[in-house]
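Kindly generate the complete structure, drawing on both the sequences and the hints.
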Amino acid sequence: MIPGFVRVSVTGEQCERFLNLCRGRDMELRKIIRTGEKEFHVTLKVKDFWKISPLRRKTGVHIHILRKKGPVFWLLAANRHKLILAGLLAMICVLIFLSGRLWNIHIEGNIMNPTPELLKFLEKEGIHYGMSKKKIRCTSLGEAMRRKYPDITWVSAKLSGTQLIFEIREGTTPPEEQTEETFCSLFSEVEGTVEKIITRRGTPLVKKGDSVEKGQELVSGILNITDDSQQVVRYEYVHADADIYIRHNVSYYDIFSLDLKKKVPDGKARRFFFLQIGNLRLDLSPGVRKNEERLIREYPARVTENFILPVLAGTVTVQKYALQKETLTEQAAKKQAVQRFYNYEEKLIQKGVQISENNVKIEINYQDCVSRGTLNVIEKTGREAPTEKKAQPKERTPEDG
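If you want this note's numbering, it's the 1-based position in the sequence shown plus 393.
Honestly, the hints are just simulated from the structure, not real lab data. Note that the coordinates shown come from a computational prediction; the quantities given were computed from them, not determined experimentally. Positions of the beta carbon are idealized from the N, C-alpha and C atoms, including for glycine. Keep in mind that a hint or two might mislead.
Calculated cross-link-like contacts (lysine-lysine; reagent style DSS-like; alpha-carbon spacing at most 25 angstroms) [to be verified]:
hint: 1; residue 1: Lys513; residue 2: Lys541
hint: 2; residue 1: Lys541; residue 2: Lys526
hint: 3; residue 1: Lys600; residue 2: Lys782
hint: 4; residue 1: Lys683; residue 2: Lys661
Listed next, with one range per pair, are the computed distances between beta-carbon atoms [what the hints assert, rightly or not]:
hint: 5; residue 1: Met484; residue 2: Pro507; range: 34 to 40 angstroms
hint: 6; residue 1: Lys740; residue 2: Met484; range: 52 to 58 angstroms
hint: 7; residue 1: His499; residue 2: Ala715; range: 34 to 40 angstroms
hint: 8; residue 1: Ile757; residue 2: Ala715; range: 23 to 29 angstroms
hint: 9; residue 1: Gly493; residue 2: His457; range: 46 to 52 angstroms
So, in structure tokens, the structure goes:
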């Protein structure tokens, strides 16, 4: 069966008879429209169009093709335009080739390790733009990155389209899971007064309201096992676990100059274009000069969200500026000092520190704005450290009473 449809014009004295004969032979007629006293427009399937010649001669009507639709006609047209067909096939082949290559490396979550440094590491591992995706082993890359950078605690590498995406978590290496044989005590990291203590495991050595020194033992990892007469018969060692909150004072000091240098734009910003194909870059912008700000916008060529072609276009906006000295007024300086203090408090709160009171004063002299004082805070503490073992008590005998 040949797919497709033909829209024809039927004219003559016996148009209606022609249509009836077509229906009598189970031909499917669509969108029959009378356009004149002796003319009809009708749509036929291609397979039925080849069967109407005997009926046309029998009725003496004239058939004129108005429109053809279907893949068979598209192929026939393409055969007459071989260059267009060849170009289309070549483009499809190029897209298939490019889709099997790596054209973008995206790294997120890294703070301590700059992206350029990680890209150089990947290049040493044989990962580069334009390489075949079949040669990339995501699991091996993640393990190699963790070995090279100890402060990276977790790496996820995956291929998405023509992109290689790394998700990174940085920080200290998580402690190994504690076993039953390990034990420790909790010690204070600050000097202050115990605000609250909740002990889950271990022996608490302080209570609410007690004053503690920095480095003092707060919860012992030793449990005293006693008999009916409350005599210690042995010691057991555990991994101490508790929530300990200490109220203490934190000193605050901040200073900044009242004399500032403000950037004042000098003239109109200029925009330049650049084009990058692979590692080749054509940049029309001038070299970097003093007292200039540059804003770069990049527009990568994408076929789909994850299918990125090795073609990059963009603009470089260059703005010259002059440095103008400016002296803050007393009101503006105090406002800035308050904002800087709020930012400091926000950082403490993000660490879980509760601020109950602050005694910070702002002073203005001829050149500087100085903020100094103390904050009364409640902070969770409890540094783990090994517990010193004690000699087990001697067994009591009947002679000991």
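Quickly compare the C-alpha distance for Lys683 and Lys661 to 25 angstroms and report which way the hint goes. holds (17 angstroms)
Tell me if the beta carbons of Ile757 and Ala715 are separated by a distance inside 23 to 29 angstroms. holds (28 angstroms)
Hinted pair, alpha-carbon criterion (25 angstroms max): Lys541, Lys526. Please report holds or violated. Holds. Lys541 to Lys526 sits at ~23 angstroms (cutoff 25 angstroms).
Would you check the hint for Lys513 and Lys541, treating anything up to 25 angstroms between C-alpha atoms as holding? holds (12 angstroms)
Has the given pair, Lys600 with Lys782, been kept, meaning a C-alpha gap of at most 25 angstroms? holds (23 angstroms)
Regarding Lys740 and Met484, is the given constraint of 52 to 58 angstroms on their beta-carbon distance met? holds (54 angstroms)
Is 34 to 40 angstroms right for how far apart the beta carbons of His499 and Ala715 are? holds (38 angstroms)
34 to 40 angstroms as the expected CB spacing between Pro507 and Met484, which holds or is violated: holds (38 angstroms)
Do the Cβ positions of Gly493 and His457 conform to the proposed distance bound of 46 to 52 angstroms? holds (50 angstroms)
The structure meets every hint from the earlier list without exception.
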